[in-house]
Amino acid sequence: MDIYNVLPSNVTVYRVSNGGETAIGVYLVILGWLSWIGNGVVILLLTKQRKSLEPQDFLTLNLAVSDASIAIFGYSRGILEVFDVLRDQSYLIKTFWTCKVDGFLILLFGLISINTLTAISVIRYIKGCQPQHAHHVNKRNICLVITAVWLCSLFWAGAPLLGWGSYRARGYGTCEIDWKQALYSVPVKLYVMSIFFFNFFVPLFVIVFTYVSIIRTVNSARQRKIERSITRVSLILCAAFLLAWSPYAVISMWSAWGYQIPQLNSILASLFAKSASFYNPFIYIGMSSKFRKDLQALFYCLRPTSAHRHTPPVPLARPGDVQLDVDGFEDEPVDPNASENIQEGKAESPTESERQDRPLPESGKCVSPHGLMRKPSDSGRL
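Just so you know, we're using UniProt numbering here: the sequence shown kicks off at 1 and counts up by one.
Heads up, a few of these hints could be off.
[Stated by the list, open to error] The calculated label-pair distances, taken between Cβ atoms and stated as ranges, are: (1) K100 to Y259: 22 to 32 Å; (2) H133 to G40: 33 to 43 Å; (3) L268 to F196: 14 to 24 Å; (4) N141 to N265: 35 to 45 Å; (5) V26 to C129: 37 to 47 Å; (6) S229 to S194: 29 to 39 Å; (7) I215 to Q260: 32 to 42 Å; (8) K48 to Q260: 43 to 53 Å; (9) Q260 to T217: 44 to 54 Å; (10) S213 to L243: 15 to 25 Å; (11) N265 to A134: 39 to 49 Å; (12) M193 to E21: 26 to 36 Å; (13) V101 to E21: 17 to 27 Å.
[Stated by the list, open to error] Straight-line C-alpha distance at most 20 Å; calculated EDC-like pairs for lysine to aspartate or glutamate: (14) K290 to D57; (15) K293 to D57; (16) K100 to D178; (17) K189 to D178; (18) K139 to E54; (19) K139 to D57.
It should be emphasised that the hints constitute simulated quantities derived from the structure, not laboratory data. Since the structure is predicted, the reported quantities are computational estimates derived from the model, not experimental observations. Quick reminder that beta carbons are idealized off the backbone N, C-alpha and C, glycines included.
Model the full structure from these sequences, guided by the hints.
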């Protein structure tokens with residue numbers, strides 16, 4: 001595993017043994033499938049309930065789309081390269097799925113993820129610390145935010161394709177910005193400094209500031225319970241993402257400033273950064289009771305129709321369950337208003353009937369029973 005080839009340019013290249021390459025390939029396959037399946041379930045859940053989504057839920061959907069895209073584009077080329085699926089010098093890799101394309105897609109969706117997490121933290125700050133401005137959190141403004149996130153990410157990821165910076169192959173399906181080129185070019189150094197400032201340090205500052213402010217501001221018992229639950233999930237999402245990407249960011253900055261970084265460390269940091277795409281669905285499941293309830297309702301809706309019919313979630317009163325002593329009403333006056341409260345097939349208590357009827361599907365459609373109980377104070381699926 002410790003095999004080094006020294007090139008004429010005095011650049012030392014680290015070569016991993018066959019066993020090491022297999023381990024990297026298995027790692028990419030497992031993380032890729034976990035990320036693709038987990039984020040796919042989140043996308044399916046949110047699109048199924050798109051009519052009842054809160055505005056901030058669209059940010060969660062955008063995050064799931066970017067993470068699923070990283071799973072598709074960020075892992076696939078590495079898997080093909082490690083296992084030599086398409087063989088050396090394949091037409092697909094050389095012509096279409098080049099290192100530039102792969103590096104562009106990985107950087108694009110990585111930037112979308114961190115900027116979306118930053119937007120989520122700002123929404124949480126407005127909800128928790130500036131409730132007088134909460135009316136600005138609407139679908140129109142959220143769509144504008146998502147559009148801005150995509151445009152900014154496209155700008156920074158597309159700049160190297162237009163000559164401001166460049167992409168290079170790191171090895172094992174890892175294509176990235178050529179950080180060391182900043183040592184020899186002032187424009188490239190400006191690009192490297194700008195992308196770190198606007199896409200790492202600024203989001204990091206905003207995330208830390210917003211969540212510290214939320215923790216300090218929430219006071220009342222009920223508000224504290226609601227906000228702590230939602231804020232805890234959002235904070236863990238941001239912390240997991242930053243934990244995954246920080247080693248890669250530090251190593252890249254060292255490389256850009258001329259420090260010699262062992263190539264193995266750089267490869268491992270890059271592979272670890274890609275793992276950020278599979279964390280989020282498991283964080284939702286483990287920490288968000290709303291998400292678990294919505295997920296349970298989704299699986300219930302996906303069951304066959306016969307299962308819905310034969311195993312209703314709540315037993316309901318049916319015709320014949322309410323017995324009336326008709327003889328007792330003979331020759332006695334009946335209050336006309338009383339007939340409004342006597343309906344065949346319903347329980348006598350309207351309140352109880354409404355409570356029991358709530359999980360029923362409407363117009364033949366399977367509707368989440370939990371979605372019908374959402375309160376106006378709820379802050380999205382998280």
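How does the Cβ-Cβ distance of H133 and G40 compare with 33 to 43 Å: does it lie in that range?
holds, 34 Å
Range first: 14 to 24 Å. Now tell me if the beta carbons of L268 and F196 are that far apart.
The hinted range 14 to 24 Å holds for L268 and F196, with Cβ atoms some 20 Å apart.
Given the hint that K293 pairs with D57, test it: the Cα-Cα distance must not exceed 20 Å.
With a Cα-Cα distance of about 15 Å, the restraint between K293 and D57 holds, given a limit of 20 Å.
Given the proposed pairing of K290 with D57, does the C-alpha separation stay at or below 20 Å?
The hint holds at about 12 Å.
Taking the beta carbons of N141 and N265, is their distance inside 35 to 45 Å?
holds, 42 Å
With a cut-off of 20 Å on the C-alpha distance, tell me whether K139 and D57 pass.
The given pair, whose Cα atoms are some 10 Å apart, holds under the 20 Å limit.
Status of the given 29 to 39 Å range, CB of S194 versus CB of S229
Because 37 Å falls inside the window, the suggested range holds.
Range first: 39 to 49 Å. Now tell me if the beta carbons of N265 and A134 are that far apart.
Given a distance of about 45 Å, which is inside 39 to 49 Å, the answer is holds.
So if I understand the rule, the pair passes when the alpha-carbon distance is 20 Å or less; does K139 with E54 pass?
Holds. K139 to E54 sits at ~8 Å (cutoff 20 Å).
Between K100 and D178, is the straight-line Cα distance small enough, at 20 Å or below?
holds, 11 Å
Is 17 to 27 Å respected by the C-beta to C-beta distance linking V101 and E21?
holds, 23 Å
Does the Cβ pair M193, E21 satisfy 26 to 36 Å?
holds, 35 Å
Consistency note: the structure conflicts with none of the earlier hints.
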